[in-house]
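Position chain H relative to chain D; hints supplied.
In order, the protein sequences belong to chains D and H. Quick note: the first sequence uses the numbering used here, first residue 1, plus one each step. Quick note: the second sequence uses the numbering used here, first residue 1, plus one each step.
These are computed hints drawn from the structure, not numbers from a lab. Since the model is a prediction, treat every value here as computed from it, not as a measurement. The hints are all genuine.
In silico DSBU-like links for lysine-lysine, alpha-carbon gap of 35 Å or less: (1) D:130 to H:19; (2) D:38 to H:84; (3) H:19 to D:94.
Listed below, chain by chain, are the residues.
Protein chains: 2
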Amino acid sequence: MRVFSEELMSRAAAACNIKDFRAASIMETSQASSWLEKETGIPFIHLELGSPGFSPNPWGVAAEKEALDLGYGAQYPPLGGLPKARQAVSRFLKSFLDIELPADCCMITSGSMQGSLVSFISLTQRVPGKDKILFLNPCFSSQRNQLSMLGVGYRAVEEYGCRGEALVARIGEELSRGDIAALIYSNPSNPAWTCLEESELKGIAAQCERYDTIPIEDLAYFGMDFRHEGYGTPGKAPYPPTIARYTSRFVLLLSSSKIFSFAGQRAAAMCIGEPLAREHSPALAQRYHGIGEFAHTVEADLIDLMSCGTAMTVQYAFARMLELSCEGVIDFVGDTAEYGRRAARMKEIFLRHGFSVVYDRDLSAPTGDGFFFTLGYPGMSGAELASELVAYGVAVVNLKASGSVREGVRICSSRISGSQFDVLKSRMSDFAEDHPSAR
Amino acid sequence: MRVFSEELMSRAAAACNIKDFRAASIMETSQASSWLEKETGIPFIHLELGSPGFSPNPWGVAAEKEALDLGYGAQYPPLGGLPKARQAVSRFLKSFLDIELPADCCMITSGSMQGSLVSFISLTQRVPGKDKILFLNPCFSSQRNQLSMLGVGYRAVEEYGCRGEALVARIGEELSRGDIAALIYSNPSNPAWTCLEESELKGIAAQCERYDTIPIEDLAYFGMDFRHEGYGTPGKAPYPPTIARYTSRFVLLLSSSKIFSFAGQRAAAMCIGEPLAREHSPALAQRYHGIGEFAHTVEADLIDLMSCGTAMTVQYAFARMLELSCEGVIDFVGDTAEYGRRAARMKEIFLRHGFSVVYDRDLSAPTGDGFFFTLGYPGMSGAELASELVAYGVAVVNLKASGSVREGVRICSSRISGSQFDVLKSRMSDFAEDHPSAR
Numbered sequence: 001m002r003v004f005s006e007e008l009m010s011r012a013a014a015a016c017n018i019k020d021f022r023a024a025s026i027m028e029t030s031q032a033s034s035w036l037e038k039e040t041g042i043p044f045i046h047l048e049l050g051s052p053g054f055s056p057n058p059w060g061v062a063a064e065k066e067a068l069d070l071g072y073g074a075q076y077p078p079l080g081g082l083p084k085a086r087q088a089v090s091r092f093l094k095s096f097l098d099i100e101l102p103a104d105c106c107m108i109t110s111g112s113m114q115g116s117l118v119s120f121i122s123l124t125q126r127v128p129g130k131d132k133i134l135f136l137n138p139c140f141s142s143q144r145n146q147l148s149m150l151g152v153g154y155r156a157v158e159e160y161g162c163r164g165e166a167l168v169a170r171i172g173e174e175l176s177r178g179d180i181a182a183l184i185y186s187n188p189s190n191p192a193w194t195c196l197e198e199s200e201l202k203g204i205a206a207q208c209e210r211y212d213t214i215p216i217e218d219l220a221y222f223g224m225d226f227r228h229e230g231y232g233t234p235g236k237a238p239y240p241p242t243i244a245r246y247t248s249r250f251v252l253l254l255s256s257s258k259i260f261s262f263a264g265q266r267a268a269a270m271c272i273g274e275p276l277a278r279e280h281s282p283a284l285a286q287r288y289h290g291i292g293e294f295a296h297t298v299e300a301d302l303i304d305l306m307s308c309g310t311a312m313t314v315q316y317a318f319a320r321m322l323e324l325s326c327e328g329v330i331d332f333v334g335d336t337a338e339y340g341r342r343a344a345r346m347k348e349i350f351l352r353h354g355f356s357v358v359y360d361r362d363l364s365a366p367t368g369d370g371f372f373f374t375l376g377y378p379g380m381s382g383a384e385l386a387s388e389l390v391a392y393g394v395a396v397v398n399l400k401a402s403g404s405v406r407e408g409v410r411i412c413s414s415r416i417s418g419s420q421f422d423v424l425k426s427r428m429s430d431f432a433e434d435h436p437s438a439r
Numbered sequence: 001m002r003v004f005s006e007e008l009m010s011r012a013a014a015a016c017n018i019k020d021f022r023a024a025s026i027m028e029t030s031q032a033s034s035w036l037e038k039e040t041g042i043p044f045i046h047l048e049l050g051s052p053g054f055s056p057n058p059w060g061v062a063a064e065k066e067a068l069d070l071g072y073g074a075q076y077p078p079l080g081g082l083p084k085a086r087q088a089v090s091r092f093l094k095s096f097l098d099i100e101l102p103a104d105c106c107m108i109t110s111g112s113m114q115g116s117l118v119s120f121i122s123l124t125q126r127v128p129g130k131d132k133i134l135f136l137n138p139c140f141s142s143q144r145n146q147l148s149m150l151g152v153g154y155r156a157v158e159e160y161g162c163r164g165e166a167l168v169a170r171i172g173e174e175l176s177r178g179d180i181a182a183l184i185y186s187n188p189s190n191p192a193w194t195c196l197e198e199s200e201l202k203g204i205a206a207q208c209e210r211y212d213t214i215p216i217e218d219l220a221y222f223g224m225d226f227r228h229e230g231y232g233t234p235g236k237a238p239y240p241p242t243i244a245r246y247t248s249r250f251v252l253l254l255s256s257s258k259i260f261s262f263a264g265q266r267a268a269a270m271c272i273g274e275p276l277a278r279e280h281s282p283a284l285a286q287r288y289h290g291i292g293e294f295a296h297t298v299e300a301d302l303i304d305l306m307s308c309g310t311a312m313t314v315q316y317a318f319a320r321m322l323e324l325s326c327e328g329v330i331d332f333v334g335d336t337a338e339y340g341r342r343a344a345r346m347k348e349i350f351l352r353h354g355f356s357v358v359y360d361r362d363l364s365a366p367t368g369d370g371f372f373f374t375l376g377y378p379g380m381s382g383a384e385l386a387s388e389l390v391a392y393g394v395a396v397v398n399l400k401a402s403g404s405v406r407e408g409v410r411i412c413s414s415r416i417s418g419s420q421f422d423v424l425k426s427r428m429s430d431f432a433e434d435h436p437s438a439r
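Excised from the complex, chain D in its bound form (with noise of 0.2 Å):
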């Protein structure tokens, strides 16, 4: 049985300004399940929002108080962030990825969402009639709607069923287009949580290289691919993939949102390679009045014009948290593996109840289990199982927001805990009895 009613549904949307529960943004799914959950006490299991499951890192929270005694706070941030943040950022690159790049190429942004913004508002500006952003489908989908704000032109190319030297040989023939300014993905994937392999990294650099396009690596759940042991050692291999190893004009986005739980803080960096950030574009220049240079528009124009950077002791946490981590203090890898282990114990209890899980399959191994999986049910939607998720109080994303060509859902195992795994078996056996179609 469904444990909210069509009518409370309706009224969920229309309070919450929802056009239509099988569109809704993850954003709105949020919101409406929170006010269904007000409306009737009844809680729900909260798998849509990519929120962290824990407490911020103590080590974050102890130095911003610190900051705060020091009496940071009133004058403006510096352009490009922090000096002190920026130096942990390019040793954290050089400790977890193996990395080299200058403090000055690592710029602190709000979020990596306004690291994005930044990088497609300052990439599509730098070459004339290089404008348009090819997405890695499925993508994150606020960064598409960064674009529809902007006016910003796109393509994608889906991954599923394409992997490996097909997927590099599809990039390149959108590449060989010659409007293609910027190439983002995550790694690990928003949503599927796939990961691009070494060779695909590699064969994808050289697209780039060719075409003079700049991938994007959005690095949000960094050293979550929970399959291989020894990520997140500093100094120590194995080191994650990164295109950074193939390519040096590159943007890699860091966040401390998920690998120190500080998402509320909005504290993140957008790290330039070198020969890029030190680049003079005239475009750029002609716009913005400057010299041009890469680096220089990105921290002087975009994120001054943006939110005059971030805010100073959030700055001063992350910086610390960075250092700690280098210093083998933090354990950013450890602190997030439950993730890993909530998914496992969430895609048993869904698959025993006629549930499979979409993108299953990565170059040379099943999906990992992290901080993201998907979801399909047989003979649904994903608009519809999202939709029927939320009437048996599982908040869930509809895949197709992420521009996939498959039918699913998006389920995020950050913020189920204890008892809920129980009431997740309870709901989903009723679910399965309701929706026999799967047997």
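The following block gives chain H in isolation, referenced to the frame of chain D:
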């Protein structure tokens, strides 16, 4: 005698990626003057950056530490901001402007820089064909640069020699062309420190209503027109002039940066008049695939796509400072009155050495002493004066950056204190001696 040689100035420009000192932006001038200080050990008198001259508000600092202790910081900020902060903004508007606005029409933004950016995007996308911004010049140059970044068109009306009915008529003329989505001005004005008076605001509001143009009133320096006694007493007249008294279709930008010396933390509010907030725009519905309600688009799409909102602990602190102001515990007008005293002392020094105030008159009185004032020097363009003053160890900003038709520079009174007044005297005495054209 100059403090810094031509050669040093050139090296500073090169080190800071500045093409020409005479066209340098505020942040570039700031960067270059810091470079010169480091290189030579000679301190600058920093009159360029509009950064607070005091420590961050201690109540805000204490509240932020409290929020950290309470474990804020892990979860993404709610759409539109922390309810507590939105309610506090609503209460603040009632207490200090005598304006009633529901909390859900008040959005928390990462500083008013984000507030103006979100305003520009939402308002120019609201009605097809209404896609340009009208500035009241001289304007805050960063806001104009935001439009260059977005590729949005703008025009401007200069206020010099055109106040009162003439100004209202001039604005009406521009609005009558039908393509102006919004009019933006700051009151008091950055950089001129002029203040639009009630009669002007009333006339402008009528023109805006007539042509469906939304006024964006930037209240960055709220309550700092120190010519008027009694501002800042909660619930008691007199209240500063505001366009919100003459139209309900407005956007007000309220910032914590100056009134609470919280510029480093990036907290502000975008307050949307209720009829505008509730309006449905087919164009916004189509672009963002929602129902197109203006306020919902702003919070669920634009602010979320900018940075996923504002740091949670900072929002908590912002809420506390607004509440304590309403309770009469924080006296933000008294706290900032020192800026007026510093401006008066500086003006006296400059005027004695041959300078004059460029924007010296308001509609019905001389310009007051506050956070900014403007200066000219006989026979020198604003660019020459700005560049030359840097050579004398005084960092200022060319008024041309603000689109002013007048030659001169902007002076910020916030950061000069103590013995720096004597240093200023001596440097300006040298300046006057070396530039006898003034005599």
